[in-house]
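Take a look at the letters that make up each chain.
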Amino acid sequence: MAGTDDILIRMEKVEKYYGNFHAMRDVNLTVRRGEKIVLCGPSGSGKSTLIRCINHLEAIRSGRIVVDGTELTDNPQAIDTIRREVGMVFQQFNLFPHMTVLENCMLAPLRVRKVSRAEAEATARKYLDRVRIGNQAEKYPAQLSGGQQQRVAIARALCMEPIAMLFDEPTSALDPEMVKEVLDTMIGLANDGMTMICVTHEMGFARQVADRVIFMAEGQILEENQPDAFFRNPRHERTRAFLGEILAHH
Amino acid sequence: MIGPQELAFLGRGLMWTLALTAIGFTGGIVFGFLVALARVSPLKWLRWIAAGWIAVFQGTPLLMQLFVVYFGLPLLGFSPPAWGAVAVALTAHASAFLGEIWRGAIQAVPGGQTEAAHALGLGYRARMRDVILPQALRLSLPATIGFLVQLLKGTSLAAIVGFIELTRAGQIVSNQTFKPLLVFGLIGLIYFLLCWPLSRLGRRMELRLAAATAR
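Line by line, the protein sequences are chains G and Z. Heads up: the first sequence runs through residues 1 to 250, numbered per my numbering. Heads up: the second sequence runs through residues 1 to 215, numbered per my numbering.
For reference, chain Z alone in the conformation it holds in the complex (with noise of 0.2 Å):
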């Protein structure tokens, strides 16, 4: 049976669920900041390097780039725990989505936002951080959440590398009480309980938003 002892198992995976995807996420809006302006940079070398980055996570399995980051890391001298490899591997993974996503929210603003600023005589900065940006980033939160929900459910491949998040843990308890379907079925219904109110509430901007550009 699943007693107090594979519950609380159960928890602690669920746990370094969370703080995988909180570091991702975190480390990949900051990172993801970056590469957005790279990728919408007056220079184009700035651009192109941002463009490769994206493509080659956008073209690449999420569990190829774990892989290699996990077994890439130790070769150039780093060996950070499982979870610090997880961890750089997800920023990095999240940085280019986060990226490629507020790139095209920059994009959607107007261009006669940028001309205004301009023809104030704004600098870049002031440009960016007070007209575009506060626009770009009301424009991408929709898609800045769903992919949150990608990236909750993409800590899942963590356990093929062996470290113990929710699946893992999962798996192991269901190794030890042979009930796959009930132990499945229950770690299926905390990833649901976790990403359906963040898809709604995706949903819900979404649909906040397209009503206010109706106008």
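The following block holds chain G by itself, in its conformation from the complex (with noise of 0.2 Å):
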């Protein structure tokens, strides 16, 4: 297994549909361990189905993927095993409204983990704490900024201790002031070493923490480097088009 061992995430060949709809064409990708990757493009390019298809919120039509060594499948405990590993972060928060904070992020340990509740507890608040939002940890989500309430999905996520990250457009939703603060969390993530997929038009964070920036137009991967040469000296007519619309907003 040496050599292949670090790549963590890989997609081979996949292909999705929404009926007629051709939402994916020929997707190859390889996340490496500890890779950081933002995904672009225009809306309906396909980039947030790609990562929701890495999870199995959305099932493929052909080709593999392959996540830790564990192929997705439609066998309930390849997706759970997989589930269990990557976290996710979605746009609109989906925080549990009923619990409090604290409550968001035991459940998910106390119920798959089947840890204790003491155990759970002590993760819940070390991971609160971690995005600086501990304080708040009896408060109900909706007592709290769209900002904040990022932050406590992300760190409920976080409670399962997954392997890699997913982020589906994060900051889309937030007011502009409550931006930064999801972004500095996302970037103290990736710097302490996690595996990040993020959907994100954050092009300053892209440049930041990206080790790869990869752009997709009708559900097809146009194409990938490094963010520097990225930005600089997009190789591609649709790149270049939807940089310039995006850095003009900016």
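Some clues are possibly wrong.
[As the list claims (entries may be wrong)] Per the computed footprint, the stretches of chain G lying under chain Z, defined by three or more beta-carbons under 8 Å from a beta-carbon of chain Z, are:
1) 71-84
2) 87-98
3) 102-115
4) 154-163
[As the list claims (entries may be wrong)] Have a look at the derived ranges for each label pair, beta carbon to beta carbon:
5) Lys114(G) with Thr26(Z): 30 to 38 Å
6) Phe78(Z) with Ala118(G): 31 to 39 Å
7) Arg208(Z) with Asp6(G): 52 to 60 Å
8) Gln171(Z) with Ala142(G): 46 to 54 Å
Derived by calculation from the structure, the hints in this document are not laboratory data. Note that the Cβ used here is the ideal one computed from N, Cα and C, for glycine as well.
Reassemble the complex: the two chains are provided individually, in unrelated frames, and hints are given to aid placement.
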């Protein structure tokens, strides 16, 4: 297994349809352990779909997805194994509104990892402190700002101690003044060596932490490169047009 | 005149009305819960059975359901007392209606909640028990209380199969005292005093829920 061991996520020839809509075309992607990847592209390009396939929130038509040696099939056990190991953060936070911040963070370790309450609480407090929101642990999500909620969502995913994190436009639903606190949290996570795939239009974040930036359009990966080269010298016409538009807004 | 004896008779009828409501509602909660789970099950055949059950009970009058159970159970070799037959019919009726109410509430919980639960690796039980059902229950409370009111009034149909609940007790007293307007006025008042506060409670919950979701 030496040599392949540092490949954490591998997608091969993945095809995905929604009805007749061809959402992903021949997607091939390998993510090494500790690698940070930023996925960008126009809306409807398939970038969210791509990461949602990795933890089987979406089923693929054909191709292979292997996460940390486990091949993702329709087998519920394979799906569960991968979901336990891969954390996800959503655009709309998707915190559980009827539970406190602390309970949100404790639920999965309690039910899935079957740890004791004391251990689940200790883990939850550790990660809530880490996203600098430990003092809000007893509050309900609705009592927090959007940025705070998203940081709780990050902590909730971290409580499962995942080997990789997927971010699906984590700052798109936030008021501008809250974007930075979430990005700072993500940067901290990246600096600690977490493997991350981030769907985001935050190009400053991409420059700062990404090992690779991937551009998608119409379900295909059109180009990928190190951030410097990607921004300075985009090869594809579509990439140039996209970057022109997105950077004009920032 | 309506004397203490008549009032006591009506009181016993009232007790039976409350008892039938309680039995039907309790049974309806238990079986309705199963119907709702079946209705949103990943298994197609289970969804179909639940959908059929709901369609039958929503598509026929409660009175007919009472008749079918009352006359049907003996044909199947069961001979329950009248209250037993009525309780079975009310339970089946309530399970279909509550099942449908809760099906709607489960599906009204935003899809992101299920996705977040999936993404955390939660299995079916934890997903339902910890994430979906507590939220669905809250959403469904106004409609559930609304149905409780319907059910309470619906128990009056048991009078037709000869069961002496409040309405049937009223008929009997009315026949004895020749004061139908007074007797049925009194009985109407009793139903109203039971149902109206419940309706108010349901309405208040609905408003509170609307305020909470408008946030």
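(Q) Check the structure against each numbered hint from earlier and tell me which ones fail, lowest number first. (A) 6
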